[in-house]
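When you get a sec, could you build the whole thing from the sequences and use the hints?
Number of protein chains: 2
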Amino acid sequence: MIRTSFTRTLNSRISAARRGVLHTAHGDLQTPFFMPIATKAAVKTLSSFDIERLGSPILLSNTYHLYLRPGLDVFRAHHGLHHFMSWKGAILTDSGGYQVFSLAKTRKISEEGVMFSSHIDGSKHLLTPELSMEVQQAIGSDIAMVLDECTPSGSDATYLDTSLARTVRWAERSKVAFENGKILSNNNGAQLFGIVQGGVEVERRLEHAQALMDIGFDGYAIGGLSVGESFDDACEVVTALDGKLPRDFPRYFMGGAQPHEIVEYVRRGVDMMDCVLPTRNARHGLLYRFTHGDITKSDFYETVHVTNERFRLDMTPLVANQNDAVTSELSRYSLSYIRHLFSIDEILAYRLMTFANLHFYLELMKRIREAIDKGSL
Amino acid sequence: MIRTSFTRTLNSRISAARRGVLHTAHGDLQTPFFMPIATKAAVKTLSSFDIERLGSPILLSNTYHLYLRPGLDVFRAHHGLHHFMSWKGAILTDSGGYQVFSLAKTRKISEEGVMFSSHIDGSKHLLTPELSMEVQQAIGSDIAMVLDECTPSGSDATYLDTSLARTVRWAERSKVAFENGKILSNNNGAQLFGIVQGGVEVERRLEHAQALMDIGFDGYAIGGLSVGESFDDACEVVTALDGKLPRDFPRYFMGGAQPHEIVEYVRRGVDMMDCVLPTRNARHGLLYRFTHGDITKSDFYETVHVTNERFRLDMTPLVANQNDAVTSELSRYSLSYIRHLFSIDEILAYRLMTFANLHFYLELMKRIREAIDKGSL
Numbered sequence: 001m002i003r004t005s006f007t008r009t010l011n012s013r014i015s016a017a018r019r020g021v022l023h024t025a026h027g028d029l030q031t032p033f034f035m036p037i038a039t040k041a042a043v044k045t046l047s048s049f050d051i052e053r054l055g056s057p058i059l060l061s062n063t064y065h066l067y068l069r070p071g072l073d074v075f076r077a078h079h080g081l082h083h084f085m086s087w088k089g090a091i092l093t094d095s096g097g098y099q100v101f102s103l104a105k106t107r108k109i110s111e112e113g114v115m116f117s118s119h120i121d122g123s124k125h126l127l128t129p130e131l132s133m134e135v136q137q138a139i140g141s142d143i144a145m146v147l148d149e150c151t152p153s154g155s156d157a158t159y160l161d162t163s164l165a166r167t168v169r170w171a172e173r174s175k176v177a178f179e180n181g182k183i184l185s186n187n188n189g190a191q192l193f194g195i196v197q198g199g200v201e202v203e204r205r206l207e208h209a210q211a212l213m214d215i216g217f218d219g220y221a222i223g224g225l226s227v228g229e230s231f232d233d234a235c236e237v238v239t240a241l242d243g244k245l246p247r248d249f250p251r252y253f254m255g256g257a258q259p260h261e262i263v264e265y266v267r268r269g270v271d272m273m274d275c276v277l278p279t280r281n282a283r284h285g286l287l288y289r290f291t292h293g294d295i296t297k298s299d300f301y302e303t304v305h306v307t308n309e310r311f312r313l314d315m316t317p318l319v320a321n322q323n324d325a326v327t328s329e330l331s332r333y334s335l336s337y338i339r340h341l342f343s344i345d346e347i348l349a350y351r352l353m354t355f356a357n358l359h360f361y362l363e364l365m366k367r368i369r370e371a372i373d374k375g376s377l
Numbered sequence: 001m002i003r004t005s006f007t008r009t010l011n012s013r014i015s016a017a018r019r020g021v022l023h024t025a026h027g028d029l030q031t032p033f034f035m036p037i038a039t040k041a042a043v044k045t046l047s048s049f050d051i052e053r054l055g056s057p058i059l060l061s062n063t064y065h066l067y068l069r070p071g072l073d074v075f076r077a078h079h080g081l082h083h084f085m086s087w088k089g090a091i092l093t094d095s096g097g098y099q100v101f102s103l104a105k106t107r108k109i110s111e112e113g114v115m116f117s118s119h120i121d122g123s124k125h126l127l128t129p130e131l132s133m134e135v136q137q138a139i140g141s142d143i144a145m146v147l148d149e150c151t152p153s154g155s156d157a158t159y160l161d162t163s164l165a166r167t168v169r170w171a172e173r174s175k176v177a178f179e180n181g182k183i184l185s186n187n188n189g190a191q192l193f194g195i196v197q198g199g200v201e202v203e204r205r206l207e208h209a210q211a212l213m214d215i216g217f218d219g220y221a222i223g224g225l226s227v228g229e230s231f232d233d234a235c236e237v238v239t240a241l242d243g244k245l246p247r248d249f250p251r252y253f254m255g256g257a258q259p260h261e262i263v264e265y266v267r268r269g270v271d272m273m274d275c276v277l278p279t280r281n282a283r284h285g286l287l288y289r290f291t292h293g294d295i296t297k298s299d300f301y302e303t304v305h306v307t308n309e310r311f312r313l314d315m316t317p318l319v320a321n322q323n324d325a326v327t328s329e330l331s332r333y334s335l336s337y338i339r340h341l342f343s344i345d346e347i348l349a350y351r352l353m354t355f356a357n358l359h360f361y362l363e364l365m366k367r368i369r370e371a372i373d374k375g376s377l
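Listed in order, the protein sequences are those of chains A and B.
Under this note's numbering, residue 377 is the last one in the first sequence; the count climbs by one each step, no gaps.
Under this note's numbering, residue 377 is the last one in the second sequence; the count climbs by one each step, no gaps.
None of these hints come from the bench; they were simulated from the model.
None of these values were measured; they are calculated from a predicted model.
Please note that the accuracy of each hint is not assured.
[Said to hold, decoys possible] Taking lysine to any residue pairs in the SDA-like style, the calculated list, with each CA pair at most 25 Å apart, reads:
(1) Lys182(B) / His125(A)
(2) Lys88(A) / Phe342(B)
(3) Lys124(B) / Phe342(A)
(4) Lys88(B) / Asn321(A)
(5) Lys88(B) / Ile347(A)
Structure follows, in structure tokens:
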């Protein structure tokens, strides 16, 4: 299964940052990149057409949610999620494991998999590595993830060892199932990533990474961070893994990161990120905006609560006009207007803010890539 | 104040239907036309850019809501609603009267005006004809409406007479205040319409129309219908007024109408309509769609509840692709996908449905105008 789906094109001379291209059946993606989250087959408030306009070449969607609703029969009828949501770009899906552990009403883990009750109707399901692969392949994911357990922080050493060893066995089973499974006809070159767990202990992380590398995957994700640990601890883990993971395979930092944290992870060799913050914060009125053009300095952005009274008469545009289609549209609306839309609970507020924050994150990634190209990051 | 803001261009030979152009500072509008409702400075779920893409040349907004929130100071700072919501087309505003009578917590009517308590914070306000004109002029309305009382259906004859006489006096005061008020610099040619009341009694309607015509307005609205009377009664009133109202002034049927009712009102000489049905029904999953191309036959459309189980695997596009930007976008999404979005309460469902239903109503008006031009309506 080891394919050359990733081409590394440039290494920074001043950090571990890298530029590259990840090849998929739905486009060649310039790394480092950020993935907007389409949890349930939609980035909340936005259509696939909107994401195209924003210029994101890839979306992340959640296997657990899609498996429960609309369900596999719908994806089989549509021949996958791309057709279902009319999305032409690439799709990465998680394995469903994280949501089983965080959302399901009850769950019981065994060697075979995780028995859980749906948070929607209480129905019982057994999520195994084999089922996760079947679902992700029916969805037509370009990048599938192995089923893993995101070990709860604060687990004792014994449990951590047990969990990590099982996650390795699940990764092996995931790979076998993925290779024997049915890839949709429009999705040749679908990839499977392993997920490195191990909490914030560097030794455990390196051991787990080695075990996954021995199995061999198309890329390696760093899981189990952004779950309450300190930013310094997360950086230590990422730095250590940069020295361990094979350099010609993509590395994916899973989960939430603020803009300045994204820059730091890129500096430590990360190629891919996702984060619910720009979209979730948008719906709560928190706007990200650049303060200056140099993203290598940590004060390159600020956040403002547009619901604040001080924006009542503020004529500043939601997004500065950069003379492209998206910013010239978003620049038409003042913060005064956006604040009003929030005050009347108008859905349009959530949408325009989501547009603005995703534009910010995608623009940030563009500036990151340019900074690596120019040698300044 | 009587200006030639309306040019009648064609009369049907087989009905009272007319074609014309209503001239405003924000565009010349082909009649008959339909106005999407931007109650609180937004058509729910849509931006001004979206309405532009849909091709509507005019919006209707609600004085009562805008007066309470965001308030006049905001409109003064923005020099009007056009700038506030970034809308380049024309705007018609109601007088606020209808909402005072239907939404306010308490209200007390007197010769001077209506004292009411805000439905938001209970604050007391006195809405007079003079205040209504001041607010509509601060909003920068292209077409303002006189303050009137929409007499409750079932009022006794005595109350009806009292109310109608007062509405005439308020119309006179509205006209004086409008002529003495300050029109925004970008809004020369702003117009004031009178509103014919009188319930479903034709004699009272004709008398009231004559009283308003004696005062003289830029156009005449038919108010107090779509409030529970039968469709036949409404048609009788409209037909009678067609024979009464001056032919070279626009006639505006206020309030809700289903698509086939719109065709009938147009047949009876109506030029302008508004209706909350396409947008409100959209958010409840009711889709309007054409069944055939001939809008002069009453079975030209159907409605379907896209939330229904039978659409689970339905690949029919939300809107048929007519090779323009809007329908080619909307045709990307299947009813199966829209149904899924409703099942997860995703805001995008409301938006795409609103887009589809407004497209239907605007397309209906286009076909109505074409049918009059061709002599078939």
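The hints, checked one at a time:
no., hint, verdict
1, Lys182(B) / His125(A), "violated (68 Å)"
2, Lys88(A) / Phe342(B), "holds (22 Å)"
3, Lys124(B) / Phe342(A), "holds (24 Å)"
4, Lys88(B) / Asn321(A), "holds (18 Å)"
5, Lys88(B) / Ile347(A), "holds (22 Å)"
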